[in-house]
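**Q** Sequence:
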Amino acid sequence: MPSKNAKASEEEMPRMLTYTNLVKNMLDDKNIEVYLGEEIEKPEECGKYKAVYHTGSIDEFFGYKFGVLPYRSLEFKYYSFEMEYFQSNSVVNYPCNYDFTRIHEFKYYLGEKSPKTSVVFEYPHPFQIGYNGRYYPIQTEENLSLYNKYLCEARKLENLCFLGRLGDYKYYDMDKAIERALNIQMPL
52 MPSKNAKASE
62 EEMPRMLTYT
72 NLVKNMLDDK
82 NIEVYLGEEI
92 EKPEECGKYK
102 AVYHTGSIDE
112 FFGYKFGVLP
122 YRSLEFKYYS
132 FEMEYFQSNS
142 VVNYPCNYDF
152 TRIHEFKYYL
162 GEKSPKTSVV
172 FEYPHPFQIG
182 YNGRYYPIQT
192 EENLSLYNKY
202 LCEARKLENL
212 CFLGRLGDYK
222 YYDMDKAIER
232 ALNIQMPL
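Going by our numbering, 221 is the number at position 170 of the sequence shown; the sequence numbering is gapless.
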């Protein structure tokens with residue numbers, strides 16, 4: 052049986068705009084220098100910066116020296132229909148008995164009126180390097196043990212901090228990701 056998304060779509064858009072403003076205000080601060088397009092080829096190169104906050108994949112950063120951390124990835128398939136609405140909410144989850152896990156109907160976000168609608172179906176797949184993206188960490192005991200090997204490597208570099216889904220190897224809702232970032236105990 053499908054389940055409706057617990058969060059109302061009208062709450063999501065203002066929240067996203069608030070996150071955008073939060074990041075913009077942080078980046079506009081005169082005390083923060085941002086370097087874009089900087090490739091750190093080796094972990095030792097972090098030393099040329101006062102602090103490195105890395106939100107990328109911790110296993111990739113260390114050249115997969117202990118192996119690849121498993122993630123669930125997603126494939127998105129887009130469809131349009133000659134009907135006013137396809138479903139009763141912006142997002143409906145399908146936890147069982149289907150190949151897909153979720154359907155999004157975008158017109159709910161904007162309050163759009165139209166005799167047609169567009170939706171996207173989410174299909175889960177295992178993550179494969181170079182083929183798809185990392186979305187959800189698969190936190191088994193074995194995988195967390197592998198992650199902890201990378202974390203021990205990261206702790207050898209005092210000015211390096213991993214965070215976010217890929218750096219912490221942990222699923223975060225946006226509010227918890229921001230809370231995590233705000234609680235980092237590293238000098239700027």
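Careful, some of the hints might be misleading.
With a cut-off of at most 30 Å between alpha-carbon atoms, the simulated DSSO-like pairs for lysine-lysine come out as follows [stated by the list, open to error]:
| id | residue 1 | residue 2 |
| --- | --- | --- |
| 1 | Lys-207 | Lys-221 |
| 2 | Lys-101 | Lys-221 |
| 3 | Lys-93 | Lys-221 |
| 4 | Lys-93 | Lys-116 |
| 5 | Lys-207 | Lys-101 |
| 6 | Lys-221 | Lys-75 |
| 7 | Lys-81 | Lys-101 |
| 8 | Lys-227 | Lys-200 |
| 9 | Lys-128 | Lys-207 |
| 10 | Lys-101 | Lys-128 |
| 11 | Lys-207 | Lys-227 |
| 12 | Lys-101 | Lys-227 |
| 13 | Lys-99 | Lys-207 |
| 14 | Lys-167 | Lys-116 |
| 15 | Lys-75 | Lys-227 |
| 16 | Lys-167 | Lys-93 |
| 17 | Lys-200 | Lys-221 |
| 18 | Lys-158 | Lys-227 |
| 19 | Lys-99 | Lys-200 |
Have a look at the derived ranges for each label pair, beta carbon to beta carbon [stated by the list, open to error]:
| id | residue 1 | residue 2 | range |
| --- | --- | --- | --- |
| 20 | Lys-81 | Glu-133 | 22 to 30 Å |
| 21 | Gly-181 | Thr-106 | 18 to 26 Å |
| 22 | Leu-202 | Glu-133 | 46 to 54 Å |
| 23 | Gly-162 | Leu-87 | 32 to 40 Å |
| 24 | Thr-69 | Met-134 | 30 to 38 Å |
| 25 | Glu-95 | Phe-132 | 50 to 58 Å |
| 26 | Tyr-186 | Ser-131 | 23 to 31 Å |
| 27 | Glu-126 | Glu-84 | 22 to 30 Å |
The hints are simulated quantities; they were obtained by calculation from the structure and are not laboratory data.
The structure presented is a predicted model; accordingly, all values stated were derived computationally and were not measured.
Glycine residues also receive a C-beta, built at the ideal position from the N, C-alpha and C atoms.
**Q** Look at each hint and say if it fits the structure.
**A** Structure-based check of each hint:
1. Simply put, Lys-207 and Lys-221 have alpha-carbon atoms about 21 Å apart, close enough for the 30 Å limit, and the pair holds.
2. For the hint pairing Lys-101 with Lys-221, the CA-to-CA distance comes to about 26 Å; that is within 30 Å, so the pair holds.
3. A hinted pair counts as satisfied when its Cα atoms are at most 30 Å apart, and Lys-93 with Lys-221 qualifies at roughly 24 Å.
4. Distance check on the hinted pair: Lys-93 and Lys-116 sit about 12 Å apart at the alpha-carbon level, within 30 Å; holds.
5. Distance hint between Lys-207 and Lys-101 is fulfilled; the C-alpha atoms sit about 15 Å from each other, no more than 30 Å.
6. At most 30 Å may separate the alpha-carbon atoms for a hinted pair to count; Lys-221 and Lys-75 meet this at roughly 25 Å.
7. For the hint pairing Lys-81 with Lys-101, the CA-to-CA distance comes to about 16 Å; that is within 30 Å, so the pair holds.
8. As the CA atoms of Lys-227 and Lys-200 are separated by approximately 24 Å, the hinted pair is consistent with the 30 Å bound.
9. About 42 Å separates the Cα atoms of Lys-128 and Lys-207, which puts this hinted pair outside 30 Å; it is violated.
10. A hinted pair counts as satisfied when its Cα atoms are at most 30 Å apart, and Lys-101 with Lys-128 does not qualify at roughly 43 Å.
11. Of the supplied pair hints, the one linking Lys-207 and Lys-227 holds, its CA atoms being roughly 26 Å apart against a limit of 30 Å.
12. For a cut-off of 30 Å, the pair hint linking Lys-101 to Lys-227 stands: about 26 Å separates their Cα positions.
13. Among the hinted pairs, Lys-99 with Lys-207 is consistent with the structure: their alpha-carbon atoms are about 15 Å apart, no more than 30 Å.
14. Taking the CA atoms of Lys-167 and Lys-116, the gap is about 50 Å. The hint is violated against a cut of 30 Å.
15. As the CA atoms of Lys-75 and Lys-227 are separated by approximately 18 Å, the hinted pair is consistent with the 30 Å bound.
16. The hinted pair formed by Lys-167 and Lys-93 fails the criterion: a straight-line CA distance of about 51 Å is larger than 30 Å.
17. A distance of roughly 15 Å separates the Cα atoms of Lys-200 and Lys-221; the hinted pair therefore holds under the 30 Å criterion.
18. Note on Lys-158 and Lys-227: the hinted pairing holds, with a Cα-Cα distance of about 27 Å set against a maximum of 30 Å.
19. Simply put, Lys-99 and Lys-200 have alpha-carbon atoms about 24 Å apart, close enough for the 30 Å limit, and the pair holds.
20. Separation of Lys-81 from Glu-133 is about 54 Å and departs from the stated range, judged on CB atoms against 22 to 30 Å.
21. Taken as a hint, the range 18 to 26 Å holds for the pair Gly-181 and Thr-106, whose Cβ atoms sit roughly 20 Å apart.
22. Leu-202 and Glu-133 have their C-beta atoms about 52 Å apart, which keeps the hinted 46 to 54 Å range intact.
23. A hinted range of 32 to 40 Å holds for the C-beta pair Gly-162 and Leu-87, which are about 35 Å apart.
24. The hinted range of 30 to 38 Å is satisfied by Thr-69 and Met-134, whose Cβ atoms lie roughly 33 Å apart.
25. For Glu-95 and Phe-132, the hinted distance range of 50 to 58 Å is satisfied, since their beta carbons lie about 54 Å from each other.
26. Our hint of 23 to 31 Å for Tyr-186 and Ser-131 holds, since their Cβ atoms are close to 24 Å apart.
27. Take Glu-126 and Glu-84: their Cβ atoms lie about 38 Å apart, and the range 22 to 30 Å is violated.
In summary, the structure is inconsistent with hints 9, 10, 14, 16, 20 and 27 from the numbered list given earlier, while agreeing with the others.
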